[in-house]
Structures are given as structure tokens and as C-alpha cells.
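Q: Line order of the protein sequences matches chains A and B.
Residues 1 to 318 (our numbering) make up the first sequence, in order.
Residues 1 to 392 (our numbering) make up the second sequence, in order.
Watch out, some of these pointers could steer you wrong.
To be verified - Straight-line Cα separation of at most 35 Å, DSBU-like style, residue types lysine-lysine; simulated pairs:
id: 1; chain 1: A; residue 1: Lys176; chain 2: A; residue 2: Lys67
id: 2; chain 1: A; residue 1: Lys212; chain 2: B; residue 2: Lys231
id: 3; chain 1: A; residue 1: Lys13; chain 2: A; residue 2: Lys207
id: 4; chain 1: B; residue 1: Lys222; chain 2: A; residue 2: Lys97
id: 5; chain 1: B; residue 1: Lys207; chain 2: A; residue 2: Lys94
id: 6; chain 1: A; residue 1: Lys97; chain 2: B; residue 2: Lys207
id: 7; chain 1: B; residue 1: Lys18; chain 2: A; residue 2: Lys212
id: 8; chain 1: A; residue 1: Lys97; chain 2: B; residue 2: Lys231
id: 9; chain 1: B; residue 1: Lys289; chain 2: B; residue 2: Lys377
id: 10; chain 1: B; residue 1: Lys250; chain 2: B; residue 2: Lys188
id: 11; chain 1: B; residue 1: Lys207; chain 2: A; residue 2: Lys104
id: 12; chain 1: A; residue 1: Lys4; chain 2: A; residue 2: Lys104
id: 13; chain 1: B; residue 1: Lys222; chain 2: A; residue 2: Lys35
id: 14; chain 1: A; residue 1: Lys104; chain 2: B; residue 2: Lys250
id: 15; chain 1: B; residue 1: Lys205; chain 2: A; residue 2: Lys203
id: 16; chain 1: A; residue 1: Lys212; chain 2: B; residue 2: Lys205
id: 17; chain 1: A; residue 1: Lys4; chain 2: B; residue 2: Lys377
id: 18; chain 1: A; residue 1: Lys97; chain 2: B; residue 2: Lys189
id: 19; chain 1: B; residue 1: Lys18; chain 2: A; residue 2: Lys94
id: 20; chain 1: B; residue 1: Lys250; chain 2: A; residue 2: Lys67
id: 21; chain 1: A; residue 1: Lys203; chain 2: A; residue 2: Lys35
id: 22; chain 1: B; residue 1: Lys231; chain 2: A; residue 2: Lys203
Stated by the list, open to error - Ranges of calculated distance between the beta carbons of each label pair, as one might list FRET restraints:
id: 23; chain 1: A; residue 1: Glu10; chain 2: B; residue 2: Asp184; range: 46 to 56 Å
id: 24; chain 1: B; residue 1: Gly97; chain 2: A; residue 2: Asp166; range: 42 to 52 Å
id: 25; chain 1: B; residue 1: Ala113; chain 2: A; residue 2: Ala300; range: 37 to 47 Å
id: 26; chain 1: B; residue 1: Asp204; chain 2: A; residue 2: Leu8; range: 27 to 37 Å
id: 27; chain 1: B; residue 1: Asp204; chain 2: A; residue 2: Leu172; range: 47 to 57 Å
These aren't lab readings, by the way, just hints derived from the structure by calculation.
Remember, predicted model here, so these are calculated numbers, not experimental data.
We put the CB at the ideal spot given by N, CA and C, even for glycine.
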Amino acid sequence: MTTKPLRLRELAKGDERISHGHRMCSGCGAPIVVKQVLMATDYPIVASNATGCLEVSTCIQEYTAWKIPWIHSAFENAAATISGVEAMYRSLVKQGKLEDRNVKFVAFGGDGGTYDIGFQSLSGAMERGHDMMYICYDNGAYMNTGIQRSSATPFGANTTTCPAGDVIPGKLQQRKDMTKIMAAHGIPYVAQASPSSWMDLMKKVQKAFEIKGPKFLNVISPCNRGWRSRTDDAIALSKLAVETCYWPLYEIENGVTRVTIKPKEKKPLVDFLKPQGRFKHMFSPENAGMLTQAQEYVDAQWNQLLKEAAAGEADKAE
Amino acid sequence: MGDIVAVTGNEACAQAFKQINPDVCAAYPITPATDLMQRFSSFVNDGKVDTELVLVESEHSAMSACIGAAAAGGRVATATSSQGLALMWEMLYIAAGTRLPIIMPLVNRALSAPLNIHGDHSDGMGARDTGWIQLYSENAQEAYDNTIQAFRIAEHLDIRVPAMVCMDGFIVSHSIERVEYIDDADVKKFVGEFQAVNPLLDMDKPKSYGPLILTDMYHEYKRAQHEVMTKVPNIVREVAADFEKMTGRKYDLFETYRLDDAEIAVVVMSSAAGTTKDIIDQYREKGIKVGLLKPRMFRPFPFLEIAEALQHLKAIAVLDRADSFGGYGPLFSEITGAVMSMNSKPAVINKIFGLGGRDYLPDQAEQVLDELVTIAKTGKVETIKEYIGVRE
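Model the full structure from these sequences, guided by the hints.
A: Have a look at this one:
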């Protein structure tokens, strides 16, 4: 099967594999991410889903928004579950019990189901080398249960379990760098993407589907409920996340890092923080140090990434 | 007629797996079940089976991968023990609630704390409410036979329910016994081809597995699950009848031993039944009318059938190899539940024995029988629940 041309006009005409009418909040980033992922390819896809917003809102009782085979079993095991499906596919094809139709296997999980409770299951599935892609829609907290802190919650954020209190001003820790952790598994393809750069996201999906073995894609997914932002801001905010280098767009293919979209001008982090109510307390004078600390962390991470990308370039030149 | 061999319970179950050739097995090592999947791994790597083996990073993922694989549309098996089953607990309900016929030998072992690797039924009893069928085995032959029958039972199109085949850790899993194997071709024929129901891998007819169902219909789904379980006993008996035709070995929902004319009886599961039968023979020689009932199918529990078998008795001792701390032993609760439907009301006592692999010795059986003799005479029960075989 050839790679599908990513022309907006053609894509708009295509069949959507996740239907409208699901019950995600208006303005949620996650269904946009899923739609872009599924639209990027014509391969037959089977998906698993961790318990979470996406899962509870897309398959309720007799209704499903999924036009592809889809399975949810629990919260922490989307990777293990799809690995079982993939193993059965291989087994049945090998035994001649099922026709090989080049089916692709995808797991969707939020940051809670990926960075935290599903981390072990994901790590195991990646190590075992299943031919599958894990896609994390990262909204930076447990939004489904009511905006609790996760290890993906950014520094300073106000959540219901790390509220901006009189003594402790929100989350005091930096977020876990999940994309790099997945890269450390030595799997053939790891990338970070944003629904604001849809072409970049879809190209990454297309590339990943052509690679045999485990793949990991981390996608920022704004949540206006948890981010305390406007309902029509998902794309604008994910764009600002990229432009401030809070969420750099890059890929690590066979260990070689490449920044796929480099902002022309790196915007200050406050541009991303300001429109979000979860960071509001950081703008009061007594918390000025928090803004500095957040900016310094983003700068350090970005510089590190550029170094790694430069090393990748140098390797290629040799 | 198949080979007659000297093998352990684990080896016999691994042989059953080999003969059945599941499409996918996902497993994680845990004593004393490790040896079973380890032996099976050799069959995989030596090309003796077609199975895709998924060697996961935890029992939680083992059952999750089994669920994914079974939903995908093929024959799936795993094995575990103790803490492994405890870690799977969440997924056991999901396997049963999703009606996936996964087969799992459970090599019964104590639960922590304190850590103990030896046999008792705490693990299996902890999973009794998960919606799985549970078959308990007295010896390696039964473990082998039950494994083969479990595939037929679980995959029956009228039920599609996962099944655990239980055997006592070390006592059966690691003891070498005489086992009659069945010919490969006969096992294959007996178990039959796997029939997929609503397979996830039917790409032309996409299905969604694992919906959210709230107050409007959840209750009805659970009643449906209950109703499915009521169909299991007949299927277990049908499969046993076919199995007897093939092997001459007789199975039922439970086994009775010298029970028909007995006045007192012991109810006990798994390997301890063997020791008890020996002591019963000795007491019978002394003219004491004692018998035994050994439940094979613990879930669903055959209340009415057991009540019928026990109704002529004066006194019953239920031996539990597990405890429900602060309550009665789990088997005792079921037996007294069965007694509720009887016209006569025998005296029933509960003995907790053999926890964490503590040997169940003939003198413990004698102690229980002597107490039953007294109760039958006096009609008086001194203590309902008591630990036996305790080092004071």
C-alpha cells in the first residue's frame, strides 16, 4: 500500500474513521488528534484505548464512534491489550487461518494511562517488539477524573490535587520527559507532534506505519476544562506550545534525532502560560520566580534537544 | 490409548497445552506455576506448537494480553499462582465480563504476608466472584483431564466463559505421579476447532469491545452473566460424558466416595481428598459409616446437587484450605448455603487446614472423623470453626 497523499482537499472528502456525535467536550484536543492519526493512512487499523476521556466518551453502551475495530479493557493496559491482539493476528496469519491484510495496531492513552499507571505495560510492550504504535494524547493531568496531577503535569500548574494554595503554589516538580524515555527503549521510531501542525503529525504517522516494530508518538492535546482556557483555543494553544518550545516537534528515528519544525522565532513561555487559568497564580508578583524557573527548564530542554539534533545531523554528514 | 507416563502436575498441564496448541499464550513466571509455562516455552521454541508466546512484564499484562488476543478471535491460555492471580484480579473480571473463553491453570498457592510459596487455596478463593469457572483437581491426572475438558467447557457457544483449572501448588504441581495421556489426535478431536464469536480481527465488520455502561443497563448485563453461569453445570456434565467415552475416566460436578450410606462425611477439595479417602477406608473397616464429597466445580457452585448428595447425613465437616478472616472458610460458606435448601439440617463444622503448604496428615483426618462421630451421637457442636494441624 502506498503512502496516502496529504492534500487537505482530498482528506476532507475521505471517510472519517472516528465519527462525529461522540461525547468529548467541545474544544477538546483528543478527538482532533485521533482524527488526524486515522486520516493519515488507508491501512486497516485495530485500536485499543486506555480508560479515560477518549474511551468513556466514544463508546457508551450500544453506541460507538469507532468505525474501526476497537477494544478497551482497563486503564493501565492499552499497550498490553493491543499486544495481545497483534500477537493473535500474527499467529492466525502464520497458521493460514487469517488473510494477511497488513493490519496496523494502535493504542491510544492519555498521559495518566501512559506516563503513570500504564507505564510498565507500555515499556513491556515496546521491549517485546510488537508491531504497534502507541499514541499518547497528553493533556497534562487526569482530566477524566477531574483534573488531578499526573507526572505529565507541567511545573507550576494548578490541579485539584496540587492546587495553588497559600503555602504550596501548584505542582512543584517538572514533568516526566516521556518521549525521551520511550526513545531510551531503543525502539525504531519515537516522535512528538501537535494537532496544530497537522501535516507534520500525519507525516509522522505515515512514516511510523511504514516501520516494522514498536513506535511511540506523543501528541499534545489541550483540555480547556483542565487548562482553564477558552473552548475554541485548542489549536491556538497547541501552536503556542510549539512556538515557545514547550512542546518541540521532533522525531527520533533509529536513534537519530531530528527537529521536524523549528519555530522561526522562539516565543517566551509566558505566551503559552498566560491564556491558561491553571498558571494564573504564577503571574502574581510573589510567584515571579516560578515563571523564571519554568522558562529556564524549557530553555534547557530545548537546548539539549538542539544538541541531540545537531549530533544527528553530524552523523548523517559522515 | 495414549502413553502412561510418570510426570508432575505442571508437566501434565503443559502436555495438554501442547496437544491443544493454543493460538496465543501470554505468561509471566511465578512459583509454583512457572514450570508449566517454562515447559510449554520449549514446545514453542522447538516448533512443536504454532502458539505465539507473549512473555509479558507482569501478570496484569499477561491477562490483559490474553484478553486482547481472545477478543481478536483465537484460542488463548495462560497459567499463574498466588500473587500473580492477585495482580490479575482486575482483569479477571474483565475477561469474564467480556465473555472471553481464556483457559488458565491456577497452581494454588498461599498469599502474602508473610511471603509463602506453598500450596493452599487462598488465591483461588479470592477469585471466586470474578465470573470464571473454577475446576479443582485432586492429582496430576485430574489436572491434565480438567485442562482438556476446560477448553471444551469454556468455549461452548452457549456460555463462552473463562475457566481456571486448579491444582495444589507443589503437592500436585511438583510431585511425579502416574498419568495416562490421551493421544494427540484424540485430544485435538475432543477439543475441536476454535470458533470465533464477534472477532475483533474481522476487519470488514468492525466491533467495539469494552463499552461504558452506567446505571441504565449495567444491572441487566450482570444478570445476563449470572444466567450464563446457570448453564455451566449441564455443559460440564455433557463434556464429562464425552470425556468418559474417550478415556473411561468419569468426571462430574463433584465426586462422592462411600457417601451413599454414610452417616457422617467430610467435604474437602483437591489433593487432601486422597488422604481423607484412605482414612475413611480405615474407619469403614471399623464399621463407622463415613463418606466424602469432593467438589470439582467450585464456580459455579452446584448448590442443589450437593444438597441432594448430603441430605441423608447427620454431621458434616467442611475442610477449607483457605480462610476468610473473621468469617467462615469459603467452602464452608458454600456448603452451609447448600444445606439451607435441605429438609434435614445436619450439623456442619468447619476446619481450616494446610495453609501455606502445611502438610495435611492422616491424624488430622482422624481427629476430624472422631469429632464427627461424637457430634453424630450427641447432636452437639462445640466449636463451629477451628484451625487444625496447628503447632501450639
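Q: State for each hint whether it applies.
A: Going through the hints against the structure:
Distance hint between lysine 176(A) and lysine 67(A) is fulfilled; the C-alpha atoms sit about 33 Å from each other, no more than 35 Å. Of the supplied pair hints, the one linking lysine 212(A) and lysine 231(B) is violated, its CA atoms being roughly 45 Å apart against a limit of 35 Å. Annotation: proposed proximity of lysine 13(A) to lysine 207(A) holds, straight-line Cα distance about 22 Å (limit 35 Å). Simply put, lysine 222(B) and lysine 97(A) have alpha-carbon atoms about 33 Å apart, close enough for the 35 Å limit, and the pair holds.
Proximity of lysine 207(B) to lysine 94(A) is assessed by CA-CA distance (about 23 Å); at most 35 Å being required, the pair is judged to hold. For the proposed pair lysine 97(A) and lysine 207(B), the alpha carbon gap of about 20 Å is at most 35 Å, so the pair holds. Restraint check: the Cα-Cα separation between lysine 18(B) and lysine 212(A) comes to about 30 Å, which is no more than 35 Å; the hinted pair holds. With a C-alpha separation of about 30 Å, the suggested pairing of lysine 97(A) with lysine 231(B) holds against the 35 Å cut-off.
A distance of roughly 13 Å separates the Cα atoms of lysine 289(B) and lysine 377(B); the hinted pair therefore holds under the 35 Å criterion. For the hint pairing lysine 250(B) with lysine 188(B), the CA-to-CA distance comes to about 20 Å; that is within 35 Å, so the pair holds. At roughly 16 Å between alpha-carbon atoms, lysine 207(B) and lysine 104(A) fall within 35 Å of each other, so this suggested pair holds. Proximity of lysine 4(A) to lysine 104(A) is assessed by CA-CA distance (about 15 Å); at most 35 Å being required, the pair is judged to hold.
Proposed proximity of lysine 222(B) and lysine 35(A) is supported: the alpha carbons are some 34 Å apart, at most 35 Å. Between lysine 104(A) and lysine 250(B), the direct Cα distance comes to roughly 47 Å. Violation of the 35 Å bound is thereby established for this hinted pair. Note on lysine 205(B) and lysine 203(A): the hinted pairing holds, with a Cα-Cα distance of about 28 Å set against a maximum of 35 Å. Of the supplied pair hints, the one linking lysine 212(A) and lysine 205(B) holds, its CA atoms being roughly 26 Å apart against a limit of 35 Å.
Taken as a hint, the lysine 4(A) and lysine 377(B) pair is broken in the structure, with Cα atoms around 86 Å apart against an allowance of 35 Å. Straight-line distance between C-alpha atoms of lysine 97(A) and lysine 189(B) comes to about 18 Å, which keeps the hinted pair within the 35 Å bound. The hinted pair formed by lysine 18(B) and lysine 94(A) meets the criterion: a straight-line CA distance of about 17 Å does not exceed 35 Å. For the given pair, lysine 250(B) sits about 49 Å from lysine 67(A) by alpha-carbon distance, which is inconsistent with the 35 Å threshold.
For the proposed pair lysine 203(A) and lysine 35(A), the alpha carbon gap of about 14 Å is at most 35 Å, so the pair holds. Distance restraint check for lysine 231(B) and lysine 203(A): the Cα-Cα separation of roughly 52 Å exceeds the 35 Å cut-off, and the hinted pair is therefore not satisfied. As the Cβ distance of glutamate 10(A) to aspartate 184(B) is approximately 55 Å, the hint placing it in 46 to 56 Å holds. For glycine 97(B) and aspartate 166(A), the Cβ-Cβ distance of about 45 Å falls inside the hinted range of 42 to 52 Å, so the restraint holds.
At about 44 Å, the CB distance of alanine 113(B) to alanine 300(A) agrees with the hint of 37 to 47 Å. Between aspartate 204(B) and leucine 8(A) the Cβ separation comes to about 29 Å, which falls inside the hinted range of 27 to 37 Å. A C-beta distance of roughly 52 Å is found between aspartate 204(B) and leucine 172(A), which places it inside the suggested range of 47 to 57 Å.
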